[in-house]
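Fit chain U with the ligands to the known structure of chain A by using the hints.
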Amino acid sequence: MALNNFCLVCGGTGCESSKADDIFKNLRTAVEAHGLTGQVQVVKTGCFGFCEKGPIVKILPDESFYVEVKPEDAEKIVAEHLVKGRPVKELLYKTADQVTAKTEEDIQFYQKQIRIVLRNCGIINPEDVQEYIARDGYLGLEKVLFEMTPQQVIDEVKKSGLRGRGGAGYPTWLKWTNTSKTPADQRYVICNADEGDPGAYMDRSTLEGDPHSVLEAMTIAGYAQGATKGFIYIRAEYPLAIHRLEVAMKQSREMGLMGKNILGSGFDFDIEIRLGAGAFVCGEETALIQSIEGKRGMPVPKPPFPSVSGLWGKPTSINNVETYANIPVIITKGGDWFASIGTATSKGTKVFALTGAINNSGLVEVPMGTTLREIVYDIGGGIKGGKAFKAVQSGGPSGGVLPAASLDTPIDYESLTKIGSMMGSGGLIVLCESDCIVDVVKFYLDFSVEESCGKCAPCRIGGRKLLNILDKITKGKGTLEDLATMEQIGFAMQRASLCMLGGTTPNPILSTIKFFREEYLEHIEQKKCRAGKCKDLVTYTVIADKCIGCTVCARKCPVNCISGERKAPHVIDQSKCIKCGACFDACKFGAILVS
Amino acid sequence: MSVITKDKTATEFSSTLVQFIEEWKDKPGSLIMILHRLQQEFGFLPRPAIIQLSQMLQLPLAKIYGVVTFYHYFKLTKPGRNNIQVCMGTACYLKGGEDIIHELENLLGIHLNQVSDDGEFSFESVRCVGCCGLAPVAVCGTEVFGKLVPDKLPEVLAKLKSN
Ligand SMILES: Cc1cc2nc3c(=O)[nH]c(=O)nc-3n(C[C@H](O)[C@H](O)[C@H](O)COP(=O)(O)O)c2cc1C
Ligand code: SF4
Ligand code: SF4
Ligand code: SF4
Ligand code: FES
Numbered sequence: 001m002a003l004n005n006f007c008l009v010c011g012g013t014g015c016e017s018s019k020a021d022d023i024f025k026n027l028r029t030a031v032e033a034h035g036l037t038g039q040v041q042v043v044k045t046g047c048f049g050f051c052e053k054g055p056i057v058k059i060l061p062d063e064s065f066y067v068e069v070k071p072e073d074a075e076k077i078v079a080e081h082l083v084k085g086r087p088v089k090e091l092l093y094k095t096a097d098q099v100t101a102k103t104e105e106d107i108q109f110y111q112k113q114i115r116i117v118l119r120n121c122g123i124i125n126p127e128d129v130q131e132y133i134a135r136d137g138y139l140g141l142e143k144v145l146f147e148m149t150p151q152q153v154i155d156e157v158k159k160s161g162l163r164g165r166g167g168a169g170y171p172t173w174l175k176w177t178n179t180s181k182t183p184a185d186q187r188y189v190i191c192n193a194d195e196g197d198p199g200a201y202m203d204r205s206t207l208e209g210d211p212h213s214v215l216e217a218m219t220i221a222g223y224a225q226g227a228t229k230g231f232i233y234i235r236a237e238y239p240l241a242i243h244r245l246e247v248a249m250k251q252s253r254e255m256g257l258m259g260k261n262i263l264g265s266g267f268d269f270d271i272e273i274r275l276g277a278g279a280f281v282c283g284e285e286t287a288l289i290q291s292i293e294g295k296r297g298m299p300v301p302k303p304p305f306p307s308v309s310g311l312w313g314k315p316t317s318i319n320n321v322e323t324y325a326n327i328p329v330i331i332t333k334g335g336d337w338f339a340s341i342g343t344a345t346s347k348g349t350k351v352f353a354l355t356g357a358i359n360n361s362g363l364v365e366v367p368m369g370t371t372l373r374e375i376v377y378d379i380g381g382g383i384k385g386g387k388a389f390k391a392v393q394s395g396g397p398s399g400g401v402l403p404a405a406s407l408d409t410p411i412d413y414e415s416l417t418k419i420g421s422m423m424g425s426g427g428l429i430v431l432c433e434s435d436c437i438v439d440v441v442k443f444y445l446d447f448s449v450e451e452s453c454g455k456c457a458p459c460r461i462g463g464r465k466l467l468n469i470l471d472k473i474t475k476g477k478g479t480l481e482d483l484a485t486m487e488q489i490g491f492a493m494q495r496a497s498l499c500m501l502g503g504t505t506p507n508p509i510l511s512t513i514k515f516f517r518e519e520y521l522e523h524i525e526q527k528k529c530r531a532g533k534c535k536d537l538v539t540y541t542v543i544a545d546k547c548i549g550c551t552v553c554a555r556k557c558p559v560n561c562i563s564g565e566r567k568a569p570h571v572i573d574q575s576k577c578i579k580c581g582a583c584f585d586a587c588k589f590g591a592i593l594v595s
Numbered sequence: 001m002s003v004i005t006k007d008k009t010a011t012e013f014s015s016t017l018v019q020f021i022e023e024w025k026d027k028p029g030s031l032i033m034i035l036h037r038l039q040q041e042f043g044f045l046p047r048p049a050i051i052q053l054s055q056m057l058q059l060p061l062a063k064i065y066g067v068v069t070f071y072h073y074f075k076l077t078k079p080g081r082n083n084i085q086v087c088m089g090t091a092c093y094l095k096g097g098e099d100i101i102h103e104l105e106n107l108l109g110i111h112l113n114q115v116s117d118d119g120e121f122s123f124e125s126v127r128c129v130g131c132c133g134l135a136p137v138a139v140c141g142t143e144v145f146g147k148l149v150p151d152k153l154p155e156v157l158a159k160l161k162s163n
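Quick note, the sequences are listed as chains A and U, same order. Everything in the first sequence is counted per my numbering, starting at 1 for the first residue and increasing by one. Everything in the second sequence is counted per my numbering, starting at 1 for the first residue and increasing by one.
Bound-form chain A, shown alone (with noise of 0.2 Å):
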């Protein structure tokens, strides 16, 4: 009997997490119970993107797309879908105006987006190598060892205007050119799946969901800059995207695709994973280095760079697991295809995890040049709980926001860049009224901070003292020169700070206070915080007149501050409040003030 079906399910971290595990067993289960065993095939996939409305089950060939699947709804898909062909509406998908998707065709968040990075992912069946030849994996790999010399592979590159989605966007065909100039015996390359940024996680469902892309990406880049191996620097935070690299690996070795003589082309080219172990430093380049041999991950002044002078000494080129997962399609679809999407400066598309005040949150990947609104409104269907609009922040630590005013421009890296934010590795959080401008800023400097390495002065004092000023703020004790000082620690930075993590540690302060200055004045002279985030400047009292005494809030406050009587009114004891909020969203007869 031949396959008629298929079911997807996503297994990425995300839908994992919500149960998908379950969901695929049961889909099997029921495939078997009603004797549809070699007719229909269950598969796990990796990421759909569409994270919100997880865990996805979609259904070939007809492309049906159910949300929100529950482990229980698989017999349910089973007996109506595929034994008796009717589609499952309440799984379907609903469209702001409640009208039912059936494909993802008819669903907002994916008409924008172009799928190159994530050409596989939630298609193909991560841990089968087939699925990926299948769909031209390994094709470039093919034709680069046997039609192509390392020039002519860098030649292409160059042609795509591919640059690097790490951060920085370098070129990829001039860092390759670096790293193949310097003479060597050995050189390295080496993909950064570090992924730092905290609230970034596009790097982990590539790796989950087409583990192959890198691999293959890293032989061809192996062979362009004749380099004979590689490391992959990834995360252990990341279990599920390293065993599916060890899978792939394994699979690629068997294959012929990877180690000695790889399919018979005289090119010899291994793979080894390291792991990282939780310090966002090491997705610098030069500590990502220090750490691979071994060593605390500090950052070492350039020059020279790893092109000259990397792994134990050798010239080494690092590029990012997006990067990567370009070059196979660059090579098969060729550099002058790559460079007609885009913008002037900046080719091919970009994947952003778009999380926040925001109705669908995901994976998304748009070309160079969409614009923030199209991201926001259009794909991310808008601000959740139809609150207002009030920044995106872009580059995670090292970024900065981008104000309403900003919503139409295109993104790129030099739009991004003059704005005073960047492109960094992806993450797009979009921050609504409720949220604190200085409480989020906060927040990012908390974290530079603890993460500096603490090699150099201008970081390690001056992230300190832009903390602890802006510590002073959010508790209605800052003054306007603070601004002033935090604006000349913050230029300083800029320019002493050994790596870029200290470089860019004031970037999410000097962007704000460009753009939201009054909400910092309005702490520092009002002593107020409009979204009431910042706990030292709000207070929460009992009206009296309103509160009947039912008891609720005293029962849900987590310090047992509120006392009273039943039915009289009750009263909040001002020395042990932690302005949790718990009573306020507790009372049902809006006897909570919050001033």
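For the record, the hints were derived by calculation from the structure and aren't laboratory data. Using N, Cα and C, we set each Cβ at its ideal position, and we do this for glycine too. Among the hints, erroneous ones may be present.
As the list claims (entries may be wrong) - Calculated Cβ distances over 10 Å to all of chain U for the following chain A residues: (1) 22; (2) 35; (3) 41; (4) 43; (5) 250; (6) 337; (7) 345; (8) 385; (9) 403; (10) 409; (11) 414; (12) 419; (13) 526; (14) 547.
What the hints assert, rightly or not - Below 16 Å or equal to it, Euclidean Cα-Cα: the simulated EDC-like pairs (lysine to aspartate or glutamate) are: (15) A:465 with A:450; (16) U:27 with A:272; (17) A:579 with U:98.
What the hints assert, rightly or not - Incomplete in silico selection of chain A near chain U, CB under 7 Å: (18) 14; (19) 204; (20) 236; (21) 277; (22) 278; (23) 292; (24) 293; (25) 294; (26) 296; (27) 558.
Frame of chain A; chain U with the ligands shown alone:
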């Protein structure tokens, strides 16, 4: 790699651990990989184990401690039987990760990075675990708890305790 293979209080090296160390020790830059494996074995890095490792690798103790203390991932104290990792990445922070931490402090009567008296629970804050769509998130072992609210925590703790 965060799964604890066996709960051992003694620091005896299993034969598979010894084999792993032998296999890796002559590779350049293998120290961090070996430390990961060691932590996997014991759930943390007990001092006697580090001393034994320094002898096996012929590396000064200070050099190993220098590396261990640089990286957040390595733990020098024993975590609880259930070590809950509360995500404090950006998305989770914005959606109330801090409230989860406060509530855990209340429910367990311990602070961040402490262990409950019965050794059942400990909890720490971690950076983005990669399920921002489910924010706020907490992880325990291989289990991920998404879209958490403080009210759901007693249920989560009960579940972990019964595991
Ligand atoms: C503090 C810091 C953290 C970084 N973290 C990462 C990271 O997690 N992933 C990444 O690919 N690049 C990161 N980078 C950038 C790398 O140093 C490097 O530029 C990049 O991996 C080069 O690859 P690309 O040219 O393909 O972008 C970081 C840089 C700094 C200064
Ligand atoms: S800038 Fe910060 S992280 Fe970079 S070397 Fe200096 S102290 Fe270390
Ligand atoms: S804000 Fe929290 S701590 Fe303060 S009274 Fe209300 S419930 Fe209690
Ligand atoms: S919940 Fe509201 S009405 Fe009830 S006791 Fe508290 S303040 Fe009064
Ligand atoms: S910020 Fe918590 S999972 Fe990403």
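Okay, the hints, checked on the actual structure:
no.	hint	in the structure
1	22	holds, 12 Å
2	35	holds, 33 Å
3	41	holds, 26 Å
4	43	holds, 21 Å
5	250	holds, 17 Å
6	337	holds, 31 Å
7	345	holds, 28 Å
8	385	holds, 12 Å
9	403	holds, 17 Å
10	409	holds, 22 Å
11	414	holds, 25 Å
12	419	holds, 19 Å
13	526	holds, 24 Å
14	547	holds, 22 Å
15	A:465 with A:450	holds, 13 Å
16	U:27 with A:272	holds, 11 Å
17	A:579 with U:98	holds, 12 Å
18	14	holds, 4 Å
19	204	holds, 5 Å
20	236	holds, 5 Å
21	277	holds, 3 Å
22	278	holds, 4 Å
23	292	holds, 5 Å
24	293	holds, 4 Å
25	294	holds, 4 Å
26	296	holds, 4 Å
27	558	holds, 5 Å
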